[in-house]
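There are 2 protein chains.
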Amino acid sequence: MDFSSKLLEQALDEMSQLPGIGKRTALRLVLHLLKQPTEQTDQLTKALQNLRKNIKLCRNCFNISDTELCEICSNTSRVSELVCVVEDIRDVMAIENTGQYRGHYHVLGGKISPMDGIGPSQLTIKPLVEKVKQGKIEEIIFALSSTLEGDTTNFYIFKQLEGTNIKTSTIARGISVGDELEYADEVTLGRSITNRVPFESSMKG
Amino acid sequence: MDFSSKLLEQALDEMSQLPGIGKRTALRLVLHLLKQPTEQTDQLTKALQNLRKNIKLCRNCFNISDTELCEICSNTSRVSELVCVVEDIRDVMAIENTGQYRGHYHVLGGKISPMDGIGPSQLTIKPLVEKVKQGKIEEIIFALSSTLEGDTTNFYIFKQLEGTNIKTSTIARGISVGDELEYADEVTLGRSITNRVPFESSMKG
Numbered sequence: 010m011d012f013s014s015k016l017l018e019q020a021l022d023e024m025s026q027l028p029g030i031g032k033r034t035a036l037r038l039v040l041h042l043l044k045q046p047t048e049q050t051d052q053l054t055k056a057l058q059n060l061r062k063n064i065k066l067c068r069n070c071f072n073i074s075d076t077e078l079c080e081i082c083s084n085t086s087r088v089s090e091l092v093c094v095v096e097d098i099r100d101v102m103a104i105e106n107t108g109q110y111r112g113h114y115h116v117l118g119g120k121i122s123p124m125d126g127i128g129p130s131q132l133t134i135k136p137l138v139e140k141v142k143q144g145k146i147e148e149i150i151f152a153l154s155s156t157l158e159g160d161t162t163n164f165y166i167f168k169q170l171e172g173t174n175i176k177t178s179t180i181a182r183g184i185s186v187g188d189e190l191e192y193a194d195e196v197t198l199g200r201s202i203t204n205r206v207p208f209e210s211s212m213k214g
Numbered sequence: 010m011d012f013s014s015k016l017l018e019q020a021l022d023e024m025s026q027l028p029g030i031g032k033r034t035a036l037r038l039v040l041h042l043l044k045q046p047t048e049q050t051d052q053l054t055k056a057l058q059n060l061r062k063n064i065k066l067c068r069n070c071f072n073i074s075d076t077e078l079c080e081i082c083s084n085t086s087r088v089s090e091l092v093c094v095v096e097d098i099r100d101v102m103a104i105e106n107t108g109q110y111r112g113h114y115h116v117l118g119g120k121i122s123p124m125d126g127i128g129p130s131q132l133t134i135k136p137l138v139e140k141v142k143q144g145k146i147e148e149i150i151f152a153l154s155s156t157l158e159g160d161t162t163n164f165y166i167f168k169q170l171e172g173t174n175i176k177t178s179t180i181a182r183g184i185s186v187g188d189e190l191e192y193a194d195e196v197t198l199g200r201s202i203t204n205r206v207p208f209e210s211s212m213k214g
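Same order as they appear, the protein sequences are chains A and B.
Just add 9 to the spot in the first sequence (first one is 1) and you have the numbering used here.
Just add 9 to the spot in the second sequence (first one is 1) and you have the numbering used here.
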């Protein structure tokens with residue numbers, strides 16, 4: 010595309026570096042900003058700058074936080090010995106929204122993925138293993154997505170924890186509540202049969 | 010959604026005011042920025058600020074431009090008496106990309122749409138009518154989309170031009186070059202038969 014304006018071109022170049030935003034979408038967004046009062050652009054850019062400059066990672070769980078220790082880790086009514094290992098803040102939010110989990114989290118910041126150049130050293134695996142070795146954790150729940158990368162990451166951490174007598178588990182995979190069996194994929198249905206639960210405990214949730 | 014960070018929440022609130030960007034998409038974009046070096050956020054916000062503060066509308070055609078008079082209007086090899094009326098810069102770019110148009114443009118900045126609260130006074134219709142009355146234009150080509158709003162806007166401008174002896178036309182609607190007739194919608198096919206062109210002139214393009 011050929012733009013009549015250098016300013017426009019620069020803005021589009023930057024916008025289209027965001028994931029899932031192509032030149033056309035960027036143009037739509039930028040034209041919207043141009044139709045709005047200058048204040049909206051000011052507020053947007055200030056909010057982004059503020060976030061990027063002042064955001065911290067919680068020193069305990071590495072979740073995104075405004076403070077040194079995040080709200081979850083500093084909440085004394087939560088069980089610090091139970092730790093759920095997740096990929097990023099979106100998973101924390103998803104689990105928090107269930108209202109069923111009262112333990113802590115450990116945010117890895119990604120999954121091991123050689124294709125994307127992400128190795129174990131770029132993730133927060135080392136601090137997790139250290140916390141375990143210091144005896145601060147009793148049980149780890151793995152809650153990474155069940156993809157090749159997720160399984161690799163799970164297995165890598167599991168190997169690192171060998172020799173410690175920590176209890177580990179993964180979240181249950183199975184048919185979604187309310188789903189019809191006939192439309193479920195074979196792998197999920199197979200797992201949900203293998204990992205069946207006693208009838209009484211299925212009534213609790 | 011419940012966010013653990015006020016900074017994050019503010020950034021998402023601002024991002025999700027952009028059209029087509031919901032809270033989830035905003036979160037994905039913001040998390041991407043957080044994973045990148047601070048410079049990327051700096052460059053993005055600076056480019057947007059620069060654009061919003063320094064961009065001008067061409068004083069002749071109201072297209073987005075870095076200068077008082079846009080590149081097209083200041084190009085003396087173009088025919089200033091032929092003016093194509095379009096909605097916004099995207100249409101200018103689309104027509105420029107064909108390489109087949111050597112006239113000027115007039116950018117309305119939108120279409121008359123009472124549902125969205127856009128009336129004729131918010132568009133650049135008045136300057137267009139004035140240019141016509143001053144005898145600066147010989148022919149106007151209407152190139153708005155053929156929707157209810159586009160047709161309303163065309164008709165409104167057409168009525169404003171009554172009494173002047175200006176030549177007006179609209180771009181041809183018909184079957185796309187290379188399309189199969191059997192898959193065309195009835196309205197388009199109907200129009201392309203009504204507005205058929207002499208065989209010789211169809212061979213030129």
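The reader is advised that the hints may include incorrect statements.
[To be verified] Now the in silico label distances, taken between C-beta atoms and shown as ranges: (1) 32/B - 157/A: 51 to 57 Å; (2) 167/B - 107/A: 37 to 43 Å; (3) 31/A - 123/B: 28 to 34 Å; (4) 161/A - 80/B: 30 to 36 Å; (5) 124/A - 178/B: 18 to 24 Å; (6) 64/B - 31/A: 40 to 46 Å; (7) 80/B - 46/A: 24 to 30 Å.
[Stated by the list, open to error] Using 35 Å as the maximum straight-line C-alpha spacing, the simulated DSBU-like pairs for lysine-lysine come out as follows: (8) 62/B - 168/A; (9) 62/B - 135/A; (10) 145/A - 135/A; (11) 62/B - 32/A; (12) 142/A - 55/A.
Honestly, the hints are just simulated from the structure, not real lab data.
Model, not experiment: these values are computed from the prediction.
Think of the CB as a built atom: it goes at the ideal place given N, C-alpha and C, for glycine as much as any other residue.
Numbered hints the structure breaks, given as an ascending list: Failing hints, ascending: 1, 2, 4, 5, 6, 8, 9 and 12.
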